[in-house]
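Visitor: Okay, here's what each chain looks like letter by letter:
2 protein chains.
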Amino acid sequence: MITDTNDLIAFNQDWMKKYTGQSQLVLKPKTTEQVSKILAYCNEKKLAVVPQGGNTGLVGGSVPVFDEIVISTASMNNIRSFDESSGIFKVDAGVILEAADTFLAEKGHIFPLDLGAKGSCFVGGNVATNAGGLRLLRYGSLHGSVLGLEVVLADGTVMDSMHSLRKDNTGYDLKQLFIGSEGSLGIITGVSILCPARPKSVNIAFLGLESYEKVQKCFQTARSDLCEILSAFEFMDRDSQQLAAKSLKTTHPLCQEDETGVDSVPEYPFYVLLETSGSTKEHDDEKLENFLEKVMGDETVVDGTVSQDETQLRTLWTWREGIAEASQQFGGVYKYDVSLPLDSMYSLVEAVQERLKKLNLSSTEDESKPVYEAVGYGHIGDGNLHLNVAVREYNKEVEKALEPFVYEFVSKHHGSISAEHGLGFQKKNYIGYSKSKVEIRMIKDIKNHYDPNGILNPYKYI
Amino acid sequence: MITDTNDLIAFNQDWMKKYTGQSQLVLKPKTTEQVSKILAYCNEKKLAVVPQGGNTGLVGGSVPVFDEIVISTASMNNIRSFDESSGIFKVDAGVILEAADTFLAEKGHIFPLDLGAKGSCFVGGNVATNAGGLRLLRYGSLHGSVLGLEVVLADGTVMDSMHSLRKDNTGYDLKQLFIGSEGSLGIITGVSILCPARPKSVNIAFLGLESYEKVQKCFQTARSDLCEILSAFEFMDRDSQQLAAKSLKTTHPLCQEDETGVDSVPEYPFYVLLETSGSTKEHDDEKLENFLEKVMGDETVVDGTVSQDETQLRTLWTWREGIAEASQQFGGVYKYDVSLPLDSMYSLVEAVQERLKKLNLSSTEDESKPVYEAVGYGHIGDGNLHLNVAVREYNKEVEKALEPFVYEFVSKHHGSISAEHGLGFQKKNYIGYSKSKVEIRMIKDIKNHYDPNGILNPYKYI
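Here the protein sequences line up with chains F and S, keeping their order.
So the first sequence is numbered by UniProt numbering: it starts at 1 and just counts up by one.
So the second sequence is numbered by UniProt numbering: it starts at 1 and just counts up by one.
So that you can see chain F by itself, here it is in the shape it has in the complex:
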């Protein structure tokens, strides 16, 4: 139990420092039974609660809005079991994603999810928010890989569905409701998930391209020629790399130090980070080599570097994974995470840049402007764009320029206003841009049915 004002801060505030609650009480149960007792009590007394995992969410879903009680799963962090013959892994909700993957690595397996926040986020939170991340292209969504869940419902009932079967067609697949429910239907306390064999050979290519059209062409070729070994295909625009360069303070993979000894600034309009994972190194190398020959030959790609050694791999990944933090370096960031058809995906970034310029809100040099720059990057393979608007301060005028503009753009192109970040507090009122009235009614029905007193993560989601 945490009640000390100083200790409460970390639980009341999200990592972007954008959402701050006023909770006076954090509970850290150690067992599912304790979670059950807490919820039964809170439900009876109609006390609102916020389930919290690693608190790495990006939409204000994991912190209180007012003085809700925080229920943190941080003290539930045991690995329950791992079956080597089937690859089925059972963990407490509070296990850190990276710790889970490190454990699996020793057994020759891999967690079918990877994301920038892996060092802090919890597996339970990943499932509750249906995290997508970097390996979705290869291993699919959590709706496919999660085999079972243990969930405590609002009234304290424990739903033990910690199944360890790849196939089970006996009744509605209840666990699916909780994947992506963001703590609004119950608190996930345990996860059973299928973990594939860890690839024996991993390659990364970091490429420079001259247009967004070339990025798309490069993806089509990669999907066809690298097919079963393609495990990530990420794109980054120039501005995102320039931001990262300022923050990482190392030489960009496609730059040399210039004559003055200063790192050059990344200059290609677009970059691609492409990963292959397979079982046979020579085959993977040959496939990648042939692919690179093809895309460099027809000038889809104009520059590139390839890496196979673990340290180099990690360094290359920082130029993709470091963008999130780099976007915050001037004071703050407005983050949008949308699904869009591939061909219209980048035009959202261009439209936003143009709009901010036109409204005279944005400049990389003039420090009196609230916006530094809007950058775009993301998972081409999943049709998922991240639009980060790096700002010098959070500002109502900027917000009005961005919303509902971004959501209207996405809705017009039949996209999703939240591809992987969820709804949380930020997007609660915008669900209508992505879902129909019938769907929204059905979602509300389910919420009301399972949490009639509305104690679970209120003021959010729906």
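Just so you know, not all the hints are guaranteed correct.
Each computed DSSO-like pair below joins lysine-lysine, with the alpha-carbon atoms no more than 30 Å apart [said to hold, decoys possible]:
1. F/LYS46 with F/LYS30
2. F/LYS90 with S/LYS444
3. S/LYS428 with S/LYS447
4. F/LYS444 with S/LYS437
5. F/LYS437 with F/LYS46
6. S/LYS412 with F/LYS90
7. F/LYS437 with S/LYS45
8. F/LYS37 with S/LYS90
9. S/LYS437 with F/LYS28
10. F/LYS396 with F/LYS18
11. S/LYS396 with S/LYS17
12. S/LYS444 with S/LYS412
13. S/LYS28 with F/LYS107
14. S/LYS437 with F/LYS46
15. F/LYS294 with S/LYS200
16. S/LYS400 with S/LYS17
17. F/LYS107 with S/LYS294
18. S/LYS412 with S/LYS428
19. F/LYS45 with S/LYS444
20. F/LYS447 with S/LYS437
21. S/LYS444 with S/LYS18
22. F/LYS412 with S/LYS90
23. S/LYS369 with S/LYS18
24. F/LYS46 with F/LYS444
25. S/LYS447 with F/LYS37
26. S/LYS335 with S/LYS400
27. F/LYS45 with F/LYS400
It should be emphasised that the hints constitute simulated quantities derived from the structure, not laboratory data.
Start from chain F and add chain S according to the hints.
Guide: Same frame as chain F, now just chain S:
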């Protein structure tokens, strides 16, 4: 509208001829709007309906129990759209699975599901029953690959969730409830599904093995060494192959004709059919060759044949896919489809064989015995066993010998009493062997909420 007694037979009876209803009316709507109007009317008048796809189900889920109105999706069979850049495919529920896959083949893509009944079953029925089939090992379950659904609810409301996004975290993933709901929550009228690139190279190995332990060992090696190109790993016991040999009347792939000119009888205790699918023929061939050298070298496998040509591939598959029909050749079949931990999987078949022998119910020679033989086969990679009890007649004594014996065995080993066939009419009363009281209550709650008058596929599922 079909009301003619003769024409009604095909809709009243399942393909095993085990379940027969007395419906006097079959409706074949052509549009979602018509389905909506039919359901709105039936709901108001409290008329029970049975949604029916290709009527290839194995648990009596798609035929009436009494005189329910059959709503067939057979006249809703248009391909709505296919997007080559993303692989997203939208179809009416009544499109035949094989027709869908043939269409996709021309575009260089593949339907992420394949099963023996592909020539008759409908895509909508596949989704409604969460069909698993032969490619699950590679492409995962429909919970991962289905992106959107159009569903008509009991009161006629159309839930249009025909999304074409790989990622969308805006609200509960409602479509998941309908995947595997067997027509008990609504009628699926449209499906949006992600279809991967069609592999350019396909190989099949058909292997003979001396024990079930060797089958497991062979699978572990295949998963590790063939890894990303392994697309099916099926096992069949000797008795299943002898049944198939009687029915197919061709030479078994691991037999030669003997001196009398008669086909020899398959003699290895176990057989494995293993498929690889990849993008680069030479690499796949080399991987398979190295794998075979290893498993033949250490005597995991004692005999085998490899095939790469389309006709040979199909022939080899018939020895796996033909077992279902072969099991019926003496009069009928009791089919069980269970998930079990790999190491105890085959012991169910042995236990049933022993039990039937002990009760003096089974003989391949003595035609006065009701049971011909119990055979086992299935998807090792998915932990999914098919147990077929081939009988000369459907018989109460045999049923009492099998049930609840089989379900108790499965429950004791924490398996599922229905891995992929569903509950339907056959297993409605046995769900308690696989699901907890809390889960069953939640399933009933959902059913009552969405279908308060109980008009959708009554007397089944739950």
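Visitor: So which of the earlier hints does this model not fit?
Guide: Of the numbered hints, 8, 13 and 27 do not hold.
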